[in-house]
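Chain B: place on chain A using the hints.
Chain order of the listed sequences is A and B. First residue of the first sequence? That's -7 in the numbering used here, and the numbers climb one at a time after it. First residue of the second sequence? That's 4 in the numbering used here, and the numbers climb one at a time after it.
FYI, nobody ran anything at the bench for these hints, they're computed from the structure. Note that the coordinates shown come from a computational prediction; the quantities given were computed from them, not determined experimentally. Among the clues, some could well be false.
Okay, the calculated beta carbon distance ranges per label pair [unchecked claim]:
no. : chain 1 : residue 1 : chain 2 : residue 2 : range
1   : B       : Pro70     : A       : Lys90     : 46 to 54 Å
2   : B       : Gly262    : A       : Ala99     : 43 to 51 Å
3   : A       : Arg34     : B       : Asp10     : 53 to 61 Å
4   : A       : Met45     : B       : Leu76     : 58 to 66 Å
5   : A       : Gly189    : B       : Asp304    : 19 to 27 Å
6   : B       : Asn45     : A       : Val76     : 54 to 62 Å
7   : B       : Leu318    : A       : Met114    : 43 to 51 Å
8   : B       : Gln44     : A       : Phe243    : 28 to 36 Å
9   : B       : Asp304    : A       : Glu241    : 49 to 57 Å
10  : B       : Ala242    : A       : Val78     : 25 to 33 Å
11  : B       : Gln299    : A       : Glu74     : 50 to 58 Å
12  : B       : Gln269    : A       : Val78     : 46 to 54 Å
Only pairs whose alpha carbons sit at most 20 Å apart, straight line, appear in this in silico PhoX-like list of lysine-lysine [claimed, not checked]:
no. : chain 1 : residue 1 : chain 2 : residue 2
13  : A       : Lys186    : B       : Lys21
14  : B       : Lys21     : B       : Lys42
15  : A       : Lys103    : A       : Lys88
16  : A       : Lys184    : B       : Lys192
17  : A       : Lys262    : A       : Lys46
18  : A       : Lys87     : A       : Lys98
19  : A       : Lys27     : A       : Lys186
20  : A       : Lys27     : A       : Lys46
21  : A       : Lys145    : A       : Lys186
22  : A       : Lys98     : A       : Lys88
23  : A       : Lys87     : B       : Lys239
24  : B       : Lys239    : A       : Lys88
What the simulated footprint calls covered on chain B by chain A, stretch by stretch (three residues with Cβ under 8 Å from a Cβ of chain A suffice, anywhere in the stretch; the number is not a length) [claimed, not checked]:
no. : stretch
25  : 148 to 154
26  : 184 to 194
Just so it is clear, CB atoms sit at the ideal spot from N, CA and C, and this is done for glycine as well.
Here's the letter readout for the chains.
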Amino acid sequence: MSSWLDKIVPSRIMPNLVNKRHSSIPEGLWKKCPKCSAVLYRPDLEKNLDVCMKCNHHMRISARRRLEIFLDKENQTELATEVVPVDRLKFRDLKKYKDRLVSAQKATEEKDALIAINGRIMDLPVVAMAFEFNFLGGSMGSVVGERFIQACKVCLEERIPLVCFSASGGARMQEALISLFQMAKTSAALEKLKQAGIPYISYLTDPVYGGVSASLAMLGDINIAEPGARMGFAGPRVIEQTVRETLPEGFQRSEFLLNHGAIDMITPRKDMREVTNRLLTSLNAANMAKDI
Amino acid sequence: MNPNYLDFEQPIADLEAKIDALRMVGNDNDLNISDEIIKLQNKNLALTSRIFATLTPAQISQVARHPQRPYMLDYIAVIFDEFDELHGDRHYGDDRAIVGGIARLADQPVMVIGHQKGRSVKEKVARNFGMSRPEGYRKACRLMEMAERFHIPIMTFIDTPGAYPGIDAEERGQSEAIAWNLAVMSRLKVPIIATVIGEGGSGGALAIGVCDHLNMLQYSTYSVISPEGCASILWKNAAYAADAANAMGITAPRLLELGLVDQVLQEPLGGAHRDPVLMANTLKSSLVESLQNLLQYATSDLVQSRYQRLMAFGLNS
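Next comes chain A alone, as it looks inside the complex (with noise of 0.2 Å):
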């Protein structure tokens, strides 16, 4: 980090002073972001949602705070947490696949890549799933297939809609075909979801992309994307390799997503609770009204 404090302090001394300077400011109180480079004090970045007070560039966020910003303080009750991980191929690359799973879990915190909570927004029932990228490129293997699952499963019952935030690489390797099947999976319980007139929201968040957004993140009744987020089939360095050209500017973000019609609408994260509660709302109302 650069300051007015380098061109003033003779470099000789500088060394002292910065090491100084570093032990005595408790670790991440400041953030850099990663966009503009701004440096943003911690305290202020949270109560702004992660979102960079400079550029506006929407900061990737763990699955617990994504839902902990979405949904009411509340009434929450995690779904499918019994859902565990197993490796039933013993999968291994350079490093064993349980051995990865065990860092994964160790670094998130979370079991596996999805977290699914029955809750409330703004005082509407809702089932809020999101998924962790820290954890594997927040890929799709049975657990999160599962928990999908399971998580429509409480929708259908109580008839309450359901909102996912998708972030990931896609289909979990590891997982193989098993991994490939869960895109066939979480795409037939939504199938169910709609038959059954139960609203579905796909958000998607920075990056979605092969198996899951070829199923459960391109499904929704609205499918709404954060700003800047990039979603698609295929990574742009394969893209590249295939057709040998550069890519287009913004290619793949939600400025393009919305003017090739794949999505609604770009949603600031902090208009999402209250976009989604009128949705909802809405589309609740006209599904009572459809019963009566």
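Frame of chain A, contents of chain B only:
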């Protein structure tokens, strides 16, 4: 090296070249060398079965992509009595990487849909090497929903490296097109039988692969990502494709063992390309049998059991 043979098939190629050479000699002379030819042919059989008995997953994935491997249209010509191809997604275009149409299996009308890779260079390009864009999946969806309206069972044939990763495909909603098919196929009120005939590549394969009965030909593969792709991500080097193929379990017998596949259809000695007609007939009798079985179910039971089947993926497999 004969380009129509894989590296591990070269001993077979050499022997066959020898047999052909002898035949030529035999035609020219009065010499009776038929005994010698028969001997060599037996040797060839033994050699082929020895080589194919111990194929590694990586070698099987080569057989699945063999340049001479029969493609969907090769099978259709043998299996079905009539075939009227139907084109277009009614929105944007006709994707030739996916072929669909109405055919007859014995006397039963069926909707046939599958990937087609193309044999000549020109055809490969026209069919985009079997990699569909969104309009291909949307055409498939249109035909499947038509099949449902007219109570026609659906048979799909999977043979694709994957959905096409291109700028245009992304612009037109590749993800949505695949996702939509997965959702629709889960509730169609007609039997769906899917068969992996070659390469079952990822979401592009699954997009026509949700079914009541899943077959795999003995040397076909089905996986979430190609061994090369998996290796370059997890091993950081595509050269580890063989390790990735092992780890992922992409072969028919392994997937049968895992309960992800219902039936493995035995291929002729040396692979389907050695005797495409025999392969087609094996496939045909299997399709007839599976269809008869599925047609016994009431529609609601059929759809219900397909749903249960989908929900069970990952639980006990």
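Quick rundown of the hints versus the structure:
1. B/Pro70 / A/Lys90: 46 to 54 Å: violated, 39 Å
2. B/Gly262 / A/Ala99: 43 to 51 Å: violated, 32 Å
3. A/Arg34 / B/Asp10: 53 to 61 Å: Roughly 58 Å apart at Cβ, these two residues keep to the hinted range, so it holds.
4. A/Met45 / B/Leu76: 58 to 66 Å: Check passed, 60 Å falls within 58 to 66 Å.
5. A/Gly189 / B/Asp304: 19 to 27 Å: For A/Gly189 and B/Asp304 the Cβ distance comes to about 24 Å; the hint holds.
6. B/Asn45 / A/Val76: 54 to 62 Å: holds, 56 Å
7. B/Leu318 / A/Met114: 43 to 51 Å: With Cβ atoms ~36 Å apart, the hint is violated.
8. B/Gln44 / A/Phe243: 28 to 36 Å: Since the Cβ atoms of B/Gln44 and A/Phe243 sit about 57 Å apart, the hinted range of 28 to 36 Å is violated.
9. B/Asp304 / A/Glu241: 49 to 57 Å: The hinted range 49 to 57 Å holds for B/Asp304 and A/Glu241, with Cβ atoms some 53 Å apart.
10. B/Ala242 / A/Val78: 25 to 33 Å: holds, 30 Å
11. B/Gln299 / A/Glu74: 50 to 58 Å: Given range 50 to 58 Å: violated, Cβ gap about 37 Å.
12. B/Gln269 / A/Val78: 46 to 54 Å: Given range 46 to 54 Å: violated, Cβ gap about 32 Å.
13. A/Lys186 / B/Lys21: violated, 64 Å
14. B/Lys21 / B/Lys42: Holds, at roughly 12 Å.
15. A/Lys103 / A/Lys88: Judged against 20 Å, a Cα distance of about 17 Å means the pair holds.
16. A/Lys184 / B/Lys192: Answer holds: A/Lys184 to B/Lys192 is near 14 Å, not above 20 Å.
17. A/Lys262 / A/Lys46: holds, 15 Å
18. A/Lys87 / A/Lys98: holds, 16 Å
19. A/Lys27 / A/Lys186: Not OK: A/Lys27 and A/Lys186 at ~38 Å, beyond 20 Å, violated.
20. A/Lys27 / A/Lys46: Since the Cα atoms of A/Lys27 and A/Lys46 sit roughly 10 Å apart, the hinted pair holds (cutoff 20 Å).
21. A/Lys145 / A/Lys186: holds, 12 Å
22. A/Lys98 / A/Lys88: holds, 16 Å
23. A/Lys87 / B/Lys239: holds, 12 Å
24. B/Lys239 / A/Lys88: Roughly 15 Å separates the two Cα atoms, so the pair holds.
25. 148 to 154: n = 0 at 8 Å, threshold three: violated.
26. 184 to 194: holds (count 6)
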